[in-house]
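*Asks:* Chains as they are written, first to last, in this note's numbering: chain L, 4 to 217; chain F, 4 to 217.
Treat the hints as calculated values from the structure; they're not laboratory data. A quick note: this is a predicted structure, and the numbers were derived from the prediction, not measured. Just to be clear, a hint being listed does not mean it is correct.
Same chains, same names: a pair is fine if it fits in one copy or spans any two.
As the list claims (entries may be wrong) - List time: in silico EDC-like cross-link candidates among lysine to aspartate or glutamate, alpha-carbon distance up to 20 Å: (1) 75 <-> 50; (2) 197 <-> 118; (3) 98 <-> 137; (4) 140 <-> 187; (5) 140 <-> 194; (6) 140 <-> 159; (7) 98 <-> 55; (8) 75 <-> 190; (9) 75 <-> 56; (10) 75 <-> 163; (11) 75 <-> 187.
The chain contents come next:
Number of protein chains: 2
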Amino acid sequence: MTTALRRPRSKAKRAAAPRVRERLTVGARREQLLALGLTAFTAQPYDEVSLDEIARAAGVSRALIFHYFPTKRDFYMATLQAAIADFLAATVESKADSPLERLFLGLDAYFDYVERHAVSYAAIMRGGIGSDPEISKMVDSTRTHILEKIRVELPEQARDAPQLRTALRGWIGFMEATALDWIDHRDVSHEELKELALRTLAALLGEHAALFVT
Amino acid sequence: MTTALRRPRSKAKRAAAPRVRERLTVGARREQLLALGLTAFTAQPYDEVSLDEIARAAGVSRALIFHYFPTKRDFYMATLQAAIADFLAATVESKADSPLERLFLGLDAYFDYVERHAVSYAAIMRGGIGSDPEISKMVDSTRTHILEKIRVELPEQARDAPQLRTALRGWIGFMEATALDWIDHRDVSHEELKELALRTLAALLGEHAALFVT
C-alpha cells in the first residue's frame, strides 16, 4: 500500500473516529475488529499483519485496538477463538431433534462453512498461521469438542471404547482432509462430500456394531 | 546476537574444527547435526532452540553448523526435509512385489515410524513447529507424494477421478489423525490401527468399485 493511498484514510480517521465510536456498541466494535483481524491474520504471516491497516479499515485508532486486545498476540488469539466459536456454532451446536438430523445438518453446515471461509479454514487447519503450541492446542481442543459431540450420541457402552474413539478421531481427520482437498480442487460437489463423509462414518461405526448391542 | 557471543565461537572453530572434521565424514557429520537439530526443533519453540547447545552436543563449533547450514532457518528446514525423507523412505518406498504387500508393509512401517518418532511426528503434523507457509507446503507435498504412490497402483481410469482423489486424501488425513490419537492415548494396538486403516481404505475403494471395471 502506498502513502498516497493511506493519507486520505488517516485524515478521515482523525475527523471521524470519535463519531465512529458512538455508532458501534462495544460488542459490535469488537466483532468488527475480530472479523478484520481474522482476514488479515489468515491472509499473511503474523509479522506482516499491520495493526495500523486494520485500525484504518475499521475507522478507528490503533490505540482503540489495544483497548480491546492488550497485545497483537492477544488480538491474534482472539480472532482464532472467535473463528472457532463461529465454526462450532454453525456445525455442532444444532438444535435438531434426532441424532441423524443433527449429523446431516452438521455436515451441511461444515461444508458450507469451508466454502464461505476457505482462506481462513485452510490457514488454520494447515497450521500455516502460527508457530504456536497454543494454536495447535486450540485446534486440537476443537477436534475434541467435535469428538465429544459425536460420542454423546452413542450408547454408553460404546462411548469409552478406545477403538471407537480412534476411529472417530480418524473420521474428523478425514473430514478435514477432504475439506482441504475441496479448497484446492473444487471439482467434487457439496453433496458428494457429504455422502462420502456419511458413508465413511457408517463404515466405521459398522465395524464396531458389537458395541452398540447391550 | 552480540559480538561478544560470536567471538569465542570463531576461535573454537579455528582450533577444533579440523580435528573434528577428520573424525566424521561430511555426510556423517551432516546427518548427526540433522538428527540433533530435529530433536531440538521438535522439542521446543524455534526461537528457544540454541545452536550453541546443538554444537556442544555434536562436539563441534557453532561456526561448523553454519558451514553446513548457512542460517538457523536453513538448518531448521533441512531437519524437517530429512525427517520427511526418512519417513517416506520407511513407508512408501517399499520394494515389495505386489500392491497389497506394499500396502501392508507401508502401514506397518507407518505405525512403527509414529511410535519411534512420536515427538517429532506430532510436532510436524500438528503444525506446532513452525509459523511457516513453507512448512505447510512441505507437509502438504508429502501428502501429495503418498497420494501419488497410492494412485499409481490404481487402474488408469480410476486414477484421475476427483471423487477417488478426495477419498484418498481423506484417508491420508484419517491415518494422520489416528496416529496422533495413538500418540496421545496409546491404548489401541499397532495391529488394530493397521486393520482400521485397511478396512477404511477398502470401504473407500469399494464405493468407487465401478471405476475399477474397464
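*Asks:* Does the structure break any of the earlier hints, and which numbers would those be?
*Replies:* 3, 5, 6, 7, 8, 10, 11
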